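Chains as they are written, first to last, in our numbering: chain E, 2 to 388; chain L, 35 to 541; chain X, 33 to 341.
In short, the hints are calculated from the structure, not lab data. Remember, predicted model here, so these are calculated numbers, not experimental data. Heads up, the beta-carbon is just placed ideally off N, CA and C, and yes, glycines get one too. Some clues are possibly wrong.
With a Cα cut of at most 20 Å, we get these calculated EDC-like pairs of lysine to aspartate or glutamate [to be verified]: (1) E:K257 / L:E51; (2) L:K342 / E:E213; (3) E:K257 / L:D488.
Residues of chain L clear of chain E, computed beta-carbon distances all greater than 12 Å [what the hints assert, rightly or not]: (4) E56; (5) D97; (6) R159; (7) L194; (8) F319; (9) D347; (10) A368; (11) Q389; (12) G533.
Partial list, computed: chain L residues near chain X (C-beta under 7 Å) [stated by the list, open to error]: (13) G49; (14) R53; (15) G55; (16) L57; (17) V58; (18) L117; (19) K133; (20) I142; (21) R264; (22) V518; (23) M534.
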Amino acid sequence: MTVESPRSFLSNYSRLAKSRSSRLRWRIERRAQPLNLGLFRVVAVFLGILVSLAVAPFFTSASAGTLYNSMWSGTLGSTTGLENVLTISIPLILCGLAASIPYRLQLWNVGIDGQIYMGAWAASGISYHLTNQRSFIIIPIMLLTAMVAGGLWILVPTLARVFLGVSEVITTFLLNFVALGWLMYWATGPWYAPSAAGGVFAVAIPPQADLELLNINNLVVNWGILIALGLPLVFWAANRYSRWGYEVTMIGASEKAGRYAGMNVKRTLITTMLIGGALGGLAGALNLMGTNYQLTPGVTNNTGFNGLIIAVLAGANEFGVLILGLVYAVLLSAGDAIQVVGESANLVFAVIGVTLIFGTFGEAYARLHLVHTRPADVPGTTSEGAL
Amino acid sequence: MASVDEQAEALTLRGIEKRFGELVAVERLTLSFKKGEVHALLGENGAGKSTLMNVAAGFLTPDEGEMEVDGHSVSFGSPRTSLAAGIGMVHQHFRLVEKFTVAENLAIGADDVSGVLSHRQLAERARDLAQQFDIDIDPTSPIWALSEGEKQRVEVLRTLSRGARVLILDEPTAVLTPDEADRLCRNLRGMAADGTTVIFISHKLNEVLNVADRISVMRRGALLETKDRRDCNIETLSKMMFEDHAASEEQLRHQQRASGNEVLAVTHLSTRDDRGVSALHDVSFVVHQREIVGVVGVAGNGQKELEKMVTGDRRPDQGSVAIEGVDIDGIRSALKAGLAYIPEDRIGTGLVPSQSIWRNAILRNYLEGPIKRRGMIRGRHARSFASELVARVELSTSDTATLVHQLSGGNAQKLLAGRELEQRRRIVVAVNPTQGLDIKAAEAVRKALSEACDNGLAILLISADLDEALGLADRILVLYEGQVTGEFTAQQADRDHIGMLMGGAKQ
Amino acid sequence: MNDTLVVASIASAISSSTAVLIAATGELLVEKTGVYNIALEGVMLVGALSGFLVDLATGSWFLGLAVAAIAGGLFALLYGIITVLFRTDLIVVGVALILVAQGLTNTLGTSHVGQSAKSVIPIWNVPLLSHIPFLGVALFRQSVVTYVAMLMPVGAAYLLNRTRHGLNMKAIGENPEAADASGISVIGWRLFYTTVGGALAGIGGAVITLGIVKDWVSDVTAGEGWIAFAVVFFSGWQPGWIIVGAYFFGSLSVLGYVGQALGWPIPSQFFTILPYLGTVLVMILRAWLQRRRGAVSWPAALGLPFYRG
């Protein structure tokens, strides 16, 4: 076929297109109707744990048997292990809630660690003025103060987000470091207490403030566990039955509809974030009063971040947070346990990391699918052959 | 120039099928477009026009089908491929970078821009292109400062400058003022005369008749017919678009009602739109009990602002809106005063599809007892309220826990209408309520509105569809460029006269 | 305060900002295309360790930096594939990868804790300029990489503002649909720049182990990745301000030490937190000043997954 220059491009191109299109092309697209997200997340998380635990022995010098044994006896296989799991789960579940409640409105509370620091700081500070008070006075006051501190700490990022559109991801996150600095100043300065073990510790809180231990079936845990197990239920009920919960549900699903219904969207956003901050502060206080007894940077160990991850993986479902919080606590406990046999806890961090990635893939699988396109074949057209 | 019949085929789509899950958006469709013609693709919302054209332009991948440009096969699924084949599309939501200037937007992805660029160079290139295609733009202005019409011109210019010989426009006049729309149509005819194939998606009959050479009507994903412009008029077209035009003749008759007290009073309303241009100017009218007042006009003449102000979403610069004598101030106060609102985006705004029926049912009254008590929403009362509503509108399911997105579109609309049109409300603001509905559903909505009105409600109908308004309203006001340019009772209403006023004629 | 202390402080501030400067420039490029790499700290760790190990094995700091670039790039590419290609959640994946990076590097590096780098990045005294009293001594007796690092933001600025490719890049980050409609491969370029940003962050990490602290300890990057991340936000996505931010934050930490040494009444933590506090305040201030404008100061599509059609 003779080719004129204005058409030559098109013919050349078309020949290329035909050859390219004769291969199947694959593409990632959104599903028209997402599959059950919750189910896929849960399955994916468990799969992730299984896979990474199965692969873990390859990275350790200890044998698989020793590894699994120590993990088991350090977590679910012994009283001490279970106690450890439950104790660790307290801040984890609270932080999970602190993240999941704002998450229902598509708000990210990445500053939970900072809220923990501030909550613990405030609780510590006020406890020094209440050294002569009885437990039933000092404890509620400390808890309350911690919640207020946490709420105040998240206030500026919240207002910046609601009124100026500034990403709360960055602002809440950066304030974590500021909170740590603040805590360090007080713990190494005005409240400094020398410590034989090394590390930074402030003056201890009065002993009346220590959370008492409960004895359930021979398991000894501080009663913070009641709060940790009870709050998800409380918030679940609030979501279902309270006006605030209803508004959060509707606005979270469709901000347009929320406005249409006359809801005060801004106020709901702010209130919800403040609750998240308060919960972070509460987690800090509970750690302070139940585990550390002294203000120290160790009052959180990336617990805030872990809480965020729990919240996202649980899809902001309160019971999901509860269960994932416990699972996470088991993993972290296992991390402590394997140090006994000489492995570094970093291994468990890697396990968690891999599990997370599985989790996100699970969710992606429920949302997306692969499509392939059939070639655009044109029967009988051979005019391009000569070129 | 050769007549339309003798022109070559510029673009052929063959056997195109596109499904979204269960929904078949385009069904085995075959259609050809000729070189140098203006071809209108007509159909209601949801007919599949945009989907089809997005497939041609490479933004969607079809499940089946073939495409040819100038006789050569073109593969699907990539805007770059389609653009290289000469197919370009201007969408309803412009794909422009707000921060960049016009010149920069024109340069994105372009091959004829040098590797190292200078802004002067870009501006010059922009001016050259503007001249070449005879489209007026300001090269140095940032996009966010432009009007919708200006943005569209930039988008069109960009598509043409990338060598598009087939230019597809999706509902282009939806965002334009009548002046801008005229200008666009003139430009399009000019381009067609130069040999560009213009494909124009629309659901507006008179516009299509104005500008097209050939008209293809789509309905529910299938191509009904392609006709020459000369063989069409408004009646034949709307007959094709809607299943049974005869039925719509009936809708022109309606009940006579004795209207009651004044419910909604709009007084000397004036306001500017988001860009600071005057959108409404000294608009005043009243709506009485048992009366339907229809405000008609082509979209973009101030309806959006009127809608926002009457529902309390926005405060006017001047004037006031009062419901039963009480000035409203904000959405909450409007709702309290008895406002009911059926928005244009019924399912996306008026309902929350991912939530259950009962949660949606109480959207209006979740703050009132017996549903709310002391900060709690009482599920039992909420659900029984929802059950009553569901029964009243004869919904297909009686399980109030069903999620709204599981309902069919028609049922969802019924739910919304039933919730809004109930006796304790005083005034209903309905915006384009039958848009996109099939005959039966539209009929049901009309009936619901009419009955609600008989029962004592006042209804303000804001509509871009004259027939819809004529079928329902007791009084019709014409809105043009922010002012009321005509007022008619149902008996006085003359379709042609009103149509002309909508188009901008003065009396 | 005596001259030597000032000079030493300035020199120290500049050298210790180098890693942040390089990583931040890389992250700027990534964010301009609309992706933020929350795992930056992890990428730097990966680069830090791999550079260190190669240095120990080959005795060449240059090879160390090169391998660090490759390792960092690959790690960031992994992040990119999971988030950009599979449209998963950036924050969760980012945190996950940091955990994986920490876990991996700490495990693989345990046997080397405390070891010194074999070959460190050499200092080069710029002829003539380094003899200028005071300023010359402070500015021009730095490691070779520091000089290159100073030029990187300039290069980035040129790329972004004066080239056609830069325009296309920015288009991807502002309105990927617009870029896609113009035939630009959104996913492709996002993956590319995520890798490039990762390579630069990897180099930054290796600069720490081979140039600044010159040894390996666990978590050697000590939060510099987060500072680099903050610098990008602080800078309002403008290369010029990246230089300001990186050096400003770097000097703050030095000021902290100096202040302690001189017994200033300001607690050292004040200087530690100032970068973060400063970034938050600057972001809020910027948003407030620009609230009337029609466009936002960040790449409009930052962090949003891209779907065609």
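Status of each hint after checking the structure:
1. E:K257 / L:E51: The given pair, whose Cα atoms are some 33 Å apart, is violated under the 20 Å limit.
2. L:K342 / E:E213: Cα-Cα ~58 Å, so violated.
3. E:K257 / L:D488: Roughly 31 Å between the alpha carbons, so the hint for E:K257 and L:D488 is violated.
4. E56: violated (7 Å)
5. D97: violated (8 Å)
6. R159: Its Cβ never comes within 12 Å of chain E, the nearest being 22 Å, so this holds.
7. L194: holds (17 Å)
8. F319: holds (24 Å)
9. D347: For L:D347, whose nearest Cβ neighbour in chain E is about 7 Å away, the distance does not exceed 12 Å, so it is violated.
10. A368: At roughly 8 Å from the nearest Cβ of chain E, L:A368 sits no farther out than 12 Å, so the non-interface label is violated.
11. Q389: About 6 Å separates L:Q389 from the closest Cβ of chain E, which leaves it inside 12 Å; violated.
12. G533: holds (32 Å)
13. G49: Check failed: Cβ of L:G49 comes no nearer than 20 Å to chain X, outside 7 Å.
14. R53: Interface hint status for L:R53: violated (14 Å vs cutoff 7 Å).
15. G55: violated (15 Å)
16. L57: Hint violated; L:L57 Cβ to chain X Cβ min 15 Å, cut 7 Å.
17. V58: violated (17 Å)
18. L117: holds (5 Å)
19. K133: holds (4 Å)
20. I142: At 5 Å from the nearest chain X Cβ, L:I142 passes the 7 Å test, so the hint holds.
21. R264: Violated, because the Cβ-Cβ distance from L:R264 to chain X comes to roughly 35 Å (cut-off 7 Å).
22. V518: violated (31 Å)
23. M534: violated (36 Å)
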